[in-house]
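*Asks:* Letter by letter, the chains look like this.
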Amino acid sequence: MARLVVMGGGVSGHTAATFAKKWLGNDHEVVVVTPNSNWNWIPSNIWVGVGQMKKEDVVFPLAPVYAKAGIDYRQAKAVSIHPEGKEGSDKPFITIEYTGQGKEGQTEELEYDYLINATGPKLNFDATPGLGDGNGQLGPHTVSVCTADHAVHASSELKKVFEKAKTEKQKIVVGTGHGMCTCQGAAFEYIFNIEHEARKAGVRDNLDIQWISNESFLGDFGIGGLHIKRGGYAASSKLFAESLFVERGVNWTIGAHVKKVEEGRLEYIQLDGTEGEMEFDFAMLIPPFAGVGLKAYGKDGSDITDTIFAPNGFLKVDADYTPKPYEEWKASDWPRTYQNPTYKNIFACGIAFAPPHLISKPMSAPDGTPINPTPPRTGMPSGIIGKTVAKSIVDLIKHGEGAKLHEASMAEMGAACVASAGKGFKDGTAAALTVYPVVPDFEKYPGIGRDLDYTFGEIGLAGHWIKHILHYMFIYKAQLKPGWTLIPE
Amino acid sequence: MASVDHSIEKHVKAYEPSFETMVPTPFVKFMRTCILWQIIRFIIINIKMLLVVKKSH
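Here the protein sequences come in this chain order: B and V. Numbering of the first sequence is given in my numbering, commencing with residue 1 and proceeding in unit increments. Numbering of the second sequence is given in my numbering, commencing with residue 1 and proceeding in unit increments.
Excised from the complex, chain B in its bound form (with noise of 0.2 Å):
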């Protein structure tokens, strides 16, 4: 009997162990290792941050779930990977510390056959002064929708906003809150569902809503923008993005790190090199991500964290790190099976997986400091990712070891993208986006790096309709309920 380890329960996670445990059936193992008893639909988290939704709307525990499925789940967070085992041993282990089932606190040794890291981010606060509280925390003086609780928190500081907008001026910062941000369109819908819920609630002419990003242009979403069909041209996104923003009445930074946050009032450098500083009554900004921390070692202790992880803690996969320039990357950089090239038992998938490099191009403020998008691998990508990985290890169990690993380039995938701007049955609007390929592959689709007869976008009310059925049907499939494999990623 084979074990396969998998750090991570969200939605990479999720997805990899519970079809890895449906194709293994019971002569294998799988363990689940999560420090969270709930699993979130976190696209959902920004309807809980303008109230539109309850936290239990977004969440539902993982016990049962894994208990339905045979799988062995352990509320723990993943401290440390040893690949080569230990002294006396050579069968590779992780080792666990426990944060709930009782055990809090405890820690323990866990072996493995195969490892799935899908441990996703941790949320890199502290990057910006200000934004975290010193202890990794999201600080004092902003709100997040990044998790169902932060995201309840921003709901009851919003209303209070919206208390004090009845009779008098407020002002609303949303947008990312460090040069090296992803997750630009958790903060788009953001913005456009606060703008969405103060005009029902009549206080939209008292509120000043501004929006701050390091996005070179409106509408790169860490992507390198896209081009969309429309009324016989190929139009840019920018276009697109800044159109909504002027109908919406909302004003722009671009380009910007955000460099300290304080009560009421934060720093920021633009590319060009200005700087600049915003008040605001209530702010929404993003953290950048890193590698959750996990450290790795080799049998005789010594430290081989370097050879696993890349510098920003993310696993090193099979894709092409080698250091060049915007000009002469690749959609062949990108990994495909998501191996680590050195313990080929070990797979990443979701958002803990290191990508080669940006996607966007990168940039710099005059002084040197970094101001661009830093790769999204969330969404549908880190859910085929996870099932492609699954698909590759359950066959190196059931094959051995010359089994041919399945493939899930990022460079070879569409996404499909729906990005609420409010929420409502009969006056919602959503922007529905498929991209293809997410990562642009300029030398197949040369000029705009996609496809453009699957690359296309709208927004209106029939998005919000799509937006709202696919929250219920991925919770439905993350239940594994009844014909929940038939729900694609």
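Quick caveat, the hints were computed from the structure, so don't treat them as lab data. Check each hint, because a few of them may be wrong.
Facing chain B, from chain V, some residues (calculated, C-beta under 8 Å) [as the list claims (entries may be wrong)]:
id	residue
1	T21
2	V23
3	R32
4	Q38
5	S56
The structure presented is a predicted model; accordingly, all values stated were derived computationally and were not measured. We treat Cβ as the ideally placed atom computed from N, Cα and C, and that holds for glycine.
For this one, chain B is given, so just place chain V on it according to the hints.
*Replies:* Only chain V this time, still in chain B's reference frame:
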């Protein structure tokens, strides 16, 4: 005769970034939440998304 909604144009200011992009006309805005039209778009968008999902798996 119904009045034309110029509420969007009020956000545009000459020689500012808002002046350099396109803005939707009242007709385009109306169609975004027109139930009948959006039912049609719902079907079309779903088909387009399913094609991308199929191509990506």
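*Asks:* Could you run down the list of hints and mark each one as holding or not?
*Replies:* Quick rundown of the hints versus the structure:
no.	hint	verdict
1	T21	4 Å, holds
2	V23	5 Å, holds
3	R32	4 Å, holds
4	Q38	4 Å, holds
5	S56	4 Å, holds
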